[in-house]
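Protein chains in written order, with our numbering: chain A, 1 to 420; chain B, 421 to 686.
If you are wondering where the hints come from, they were derived from the structure by calculation, not from laboratory data. Note that beta-carbon positions come from the ideal geometry of N, C-alpha and C, so glycine has one too. It is possible that some hints are incorrect.
What the hints assert, rightly or not - Sample of chain A residues facing chain B (criterion: CB under 8 Å; computed from the structure):
| id | residue |
| --- | --- |
| 1 | V187 |
| 2 | L292 |
| 3 | T353 |
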Amino acid sequence: MTLTLPSYPQPDERGRFGRFGGRYVPETLIPALDNLEAAYREAKIDPGFLSELERLLRDFVGRPSGLYLAARLTEHAGGAKIYLKREDQNYTGAHKINNCLAQALLAVRMGKRRVIAETGAGQHGVASATAAALLGLDCVVYMGEEDMRRQELNVFRMRLLGAEVIPVTSGTGTLKDATNEAIRDWVTNVRDTFYILGSVVGPHPYPAMVRDFQSVIGEETKWQLKALEGREVPDVIIACVGGGSNAIGIFAPYAYLPDGQRPRLIGTEAAGEGVETGKHAASVAGGRIGVLHGAMMYLLHDHEGQITPPHSISAGLDYPGIGPEHCLYSETGVAEYVPVTDAQAMEGLQLLTRLEGIIPALESAHAIYHAVQLAPTLSPEQIIVVNLSGRGDKDVAEVMRLQAKAEDTPGNAERQEVLA
Amino acid sequence: MTAVESRGVARIRAAFEKARSEGRAAFIPFMTAGYPSTAEFPALADELLARADLLEVGLPYSDPLGDGPTIQQASEQALAGGTSTRGTIELVRVLRTRHDKPIVIMTYVNPIYAVGPREFMRLAQEAGVDGLILPDLPPDQDIEIADLAAEYGLAVTFLIAPTSTPERIRLVAQACTGFVYAVSVTGVTGAREGTALSEVPAMLALARQHTDVPIAVGFGVKDAQTAHEVAALADGVVVGSAFINAVREGRDVPTLTNTLADGCVR
Numbered sequence: 001m002t003l004t005l006p007s008y009p010q011p012d013e014r015g016r017f018g019r020f021g022g023r024y025v026p027e028t029l030i031p032a033l034d035n036l037e038a039a040y041r042e043a044k045i046d047p048g049f050l051s052e053l054e055r056l057l058r059d060f061v062g063r064p065s066g067l068y069l070a071a072r073l074t075e076h077a078g079g080a081k082i083y084l085k086r087e088d089q090n091y092t093g094a095h096k097i098n099n100c101l102a103q104a105l106l107a108v109r110m111g112k113r114r115v116i117a118e119t120g121a122g123q124h125g126v127a128s129a130t131a132a133a134l135l136g137l138d139c140v141v142y143m144g145e146e147d148m149r150r151q152e153l154n155v156f157r158m159r160l161l162g163a164e165v166i167p168v169t170s171g172t173g174t175l176k177d178a179t180n181e182a183i184r185d186w187v188t189n190v191r192d193t194f195y196i197l198g199s200v201v202g203p204h205p206y207p208a209m210v211r212d213f214q215s216v217i218g219e220e221t222k223w224q225l226k227a228l229e230g231r232e233v234p235d236v237i238i239a240c241v242g243g244g245s246n247a248i249g250i251f252a253p254y255a256y257l258p259d260g261q262r263p264r265l266i267g268t269e270a271a272g273e274g275v276e277t278g279k280h281a282a283s284v285a286g287g288r289i290g291v292l293h294g295a296m297m298y299l300l301h302d303h304e305g306q307i308t309p310p311h312s313i314s315a316g317l318d319y320p321g322i323g324p325e326h327c328l329y330s331e332t333g334v335a336e337y338v339p340v341t342d343a344q345a346m347e348g349l350q351l352l353t354r355l356e357g358i359i360p361a362l363e364s365a366h367a368i369y370h371a372v373q374l375a376p377t378l379s380p381e382q383i384i385v386v387n388l389s390g391r392g393d394k395d396v397a398e399v400m401r402l403q404a405k406a407e408d409t410p411g412n413a414e415r416q417e418v419l420a
Numbered sequence: 421m422t423a424v425e426s427r428g429v430a431r432i433r434a435a436f437e438k439a440r441s442e443g444r445a446a447f448i449p450f451m452t453a454g455y456p457s458t459a460e461f462p463a464l465a466d467e468l469l470a471r472a473d474l475l476e477v478g479l480p481y482s483d484p485l486g487d488g489p490t491i492q493q494a495s496e497q498a499l500a501g502g503t504s505t506r507g508t509i510e511l512v513r514v515l516r517t518r519h520d521k522p523i524v525i526m527t528y529v530n531p532i533y534a535v536g537p538r539e540f541m542r543l544a545q546e547a548g549v550d551g552l553i554l555p556d557l558p559p560d561q562d563i564e565i566a567d568l569a570a571e572y573g574l575a576v577t578f579l580i581a582p583t584s585t586p587e588r589i590r591l592v593a594q595a596c597t598g599f600v601y602a603v604s605v606t607g608v609t610g611a612r613e614g615t616a617l618s619e620v621p622a623m624l625a626l627a628r629q630h631t632d633v634p635i636a637v638g639f640g641v642k643d644a645q646t647a648h649e650v651a652a653l654a655d656g657v658v659v660g661s662a663f664i665n666a667v668r669e670g671r672d673v674p675t676l677t678n679t680l681a682d683g684c685v686r
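Extracted from the complex, chain B is given alone in its bound form (with noise of 0.2 Å):
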């Protein structure tokens, strides 16, 4: 692997290792590019990253079928608001100039298809993005997609979910090579009431046979309870509609990432 294939590896890598090392698991929080516009996402995603491990920053889509109604309706405003796929990846490049932090993108497949796969990783790589998440792409659908992320630096996240055959845990472990997705429910993304975490420990047993990158949960944290019981199973908490409601509700939003950074630590 040359310097430039294991870029986003490596910086992903060693943000969960500082995390571990801390006795925490990495904090991993999620913000929708554009929202609550173009001119305001900047001064949220510092906000976020001043406690976070790794960010996600999500893609705004029009048709985001994995998503529940909180990052649904934060895409439109990020859309309506001039948000494109392209400028998703320039808004990456901005927090660049003033953070070191990882920071991947989480996008589906169709605006990679429409921009083009090889000029989508080279427009990641220049802008400094680390890795993709790709919420509708099981591995096995497109060689390429993966392929072309190593070959310019990006690492690749892919999902697994309670539903996922040992096979299918297999296939996607293998598969990652920033971090493993680990869906903690059936269902699409948002905070919710009650969220049941039983099915989560034999998930991450069985994919940690098959790889050694890091393992992150994500769908339905929403608090310091939640984000902590998480953190004692895995590797990494990941934290989305929680911050978007907190967002739309006019919420302190420093308040709540230092309440849920301090809730992943174990």
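If we strip away everything but chain A, and leave its shape as in the complex, we get (with noise of 0.2 Å):
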């Protein structure tokens, strides 16, 4: 099998989905946009870069990953059948590691040798410079003091891959603020630096590219679901939504199906304490149209145009938008996005981890708690994919200290129920 990139009806090429997205940067990148735009579009068909492509994928990521029928948690929701794509069997640990590869070697591909990225959970950094390791790059990363706390691990794993950790202390020390120092890195050092972005956010090319990228994931499911079940498509697929690239990665292979023949396609957004505490991340629940980073898109923001500060358990979700392409899937009724609070992740997180010895990220912890919402709905020979992004080994020690501090609130029953 050799690999191809897909091509889809959107974005147009203004690089707009409907309304959403966009270019809205400095004068100074639109040329570095147009030339990365250019080298993409030539490398999406030339074999030579997609058989490398598809070797890292295949010899260095260890992809497939599997697909893999979640049969515990399938008896204990009572309903559908819960398939899991098992994206946290990636080397690195996530689906951040197909894009970045890929990225990666189109920065090689354009002659440059430094490279920068911004990173929330540290996935993203992590496989970055991972991806620089390999291919003999320089790598720094952005990211926020709070995150470098949250996610210390991940902190250690980027420095001994070579790349240089850097610090964000502006605005909330979080991804938002991570994402526009690498911006600004990029705009001074245009010439001789490739962004690798990690999400469908951005500008121009990045929310398409990203997208191509991670398509993988959906395309891989179709001939896996097919020889499980005799059928490329399921009944629904359930994927946590930050930025959005999982989810992207899952739907787009099957968000172009005609009406009728697309499942449903639900992304669960961050509601971190509740999206009516206004202590959230759910940006198509709780935002506004408004542009960010480059693109217009559902935006946490005042009503003067002020970024609002994002809050979620999972640092990956801490993100005040949400992919132009999302936007669009939300506003034409493609696919549905809910929120999932923080304690319900929590539950997913212990529920997917006692059930099936899965620890799964906290990001995918929030598909999984809605997932085993929906399975009693659902008939038996109805079949769930949810895409497990990304494992938890990263949270394991958020995990732990959120676990102790729930245990030293008083009343505060529920919530140490679920965590017990």
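Combine both chains into one complex, guided by the hints.
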């Protein structure tokens, strides 16, 4: 089998997904984005590039990742069969490596020897540092100070891999600020630096390019499900959404099917302490259209346009926006976006760990929780595929801390129940 | 073009022409609205306006990705002090009661969209704002903003950079109605050591083939020497971070203003 990269009908030639997307960046970057777009367009159909990417995805990442019937979880939920697309099996522990290797190969192809990246939970940073080490590139990763505290182990992994990790103290000290810093670095060093952007956000062509590189997830799901169940299309696909790259990776290969043939596509947004509390990262449920990091999208901001700090238990979902293609899916009803709280995600993590022996990333735990809620409303002949975007090793220390904190909080019986 | 449409454009053009007739490049200081506090800002702006040909007021924004740490920190301080999008426009209204010189607002696009482009332009026009500088809006991204600005008599300024291709320079230059803002270096705003202007002349020459609006150069101008070097090349000299640094360090702003304004003499 030879790898091909998909061609989807969106975005338009201006990089717009309907009214979303675009290129709201300093003029300095526009020529670089034009160059990137042209280089990507060529690479996408170059057999040399594709065969090298295929080799790395197979032999270095370990693809295909499994499509695993979670029998005990299915039994627990009672209803539709729950399959897990095991992106947690990838080398470096998450779906992020698919995109990083592809972009790093593109950097080499474009003659850039220095790559930069932003990271929230650290998974994209680790994947970028890994790809850079593999291909002999200099790597600088921007990471919010608060996230560095929450993800100490990943900071160490990046440094071990030879990357320079730069703490970002501005703003909220989280992913959005790390992204600002990465963009500033790129504006300054644009001539010799490749920006490995980690999600389906940012200026065109990033949302389209990252989607294409992550589409391997959904494409594999098709033939794997065909082999297991005799059909390519499940009834429901659920994936967690921060910026939205793992979700787009499994959604996009199904999203452009005609009405009636498309599975229900559900993105779980981080509702934090509850959308109504204002302490959340649910950009569809709790945001309004705005512009951040070069794209128009649903965004958490106040009525005068100041970005409001997102909150999530999971550093990887702690982002005030959501990729422009998801915004279009939401607006046109191609996909639904549902909020899942911190406590519910913790419950999802607990369930999967106890029932299947798989510790999911806190990000993915949002999707697990919703699958368990939805399954009993469906019949046993129906199939839910959950994209398990990453493994929870990185979150264990934070979960331990939260568990200790919950036990110290009097009157928090419900939470203690969940964590017990 | 109706009278209201030409107001900002005409005032900005006149300011550049006056400077030119006096053998100077226009001196364009920048200050973040509401910095160091909403109470202190108007007096600070007065000190700048004493020598400015045109004042650039920065609308403080939470995520200013074209700015370096100096202006970003000033924005954070102004926001923490309660300066808002509407509040920035109100501060210009206050300045307008005592100054005739053109005042433009530098803003990222999200506050414009959040308030609503038409409402934003209407408020700006009423307050006496003459134009907008839009650092994260390449002109081909959103035609509506420029059209609305024209409808409300506001001039618009987009940016060109050393990385801009000849095609981009033509597109941006033709879209600017107030002045063209040429970024001297690839990078974000901020006073820096050893600003190289080697790429500026070619960029300006290209832009001048496509427009007769004035061209100002900014980013990295910090003292009389750099101001003088830029003034030899451009119609206007923008200085931002150097003033914020001066305020932060408690240095005398009128002295720095005079030094930099004198530096703009050709």
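Hint check results:
Hint status for V187 (chain A) relative to chain B: holds, with the closest Cβ pair at about 6 Å, below 8 Å. Hint status for L292 (chain A) relative to chain B: holds, with the closest Cβ pair at about 6 Å, below 8 Å. A least Cβ separation of about 36 Å between T353 (chain A) and chain B goes past the 8 Å threshold, and the interface hint is therefore violated.
Going through the hint list in order, the structure does not satisfy hint 3, though it satisfies all others.
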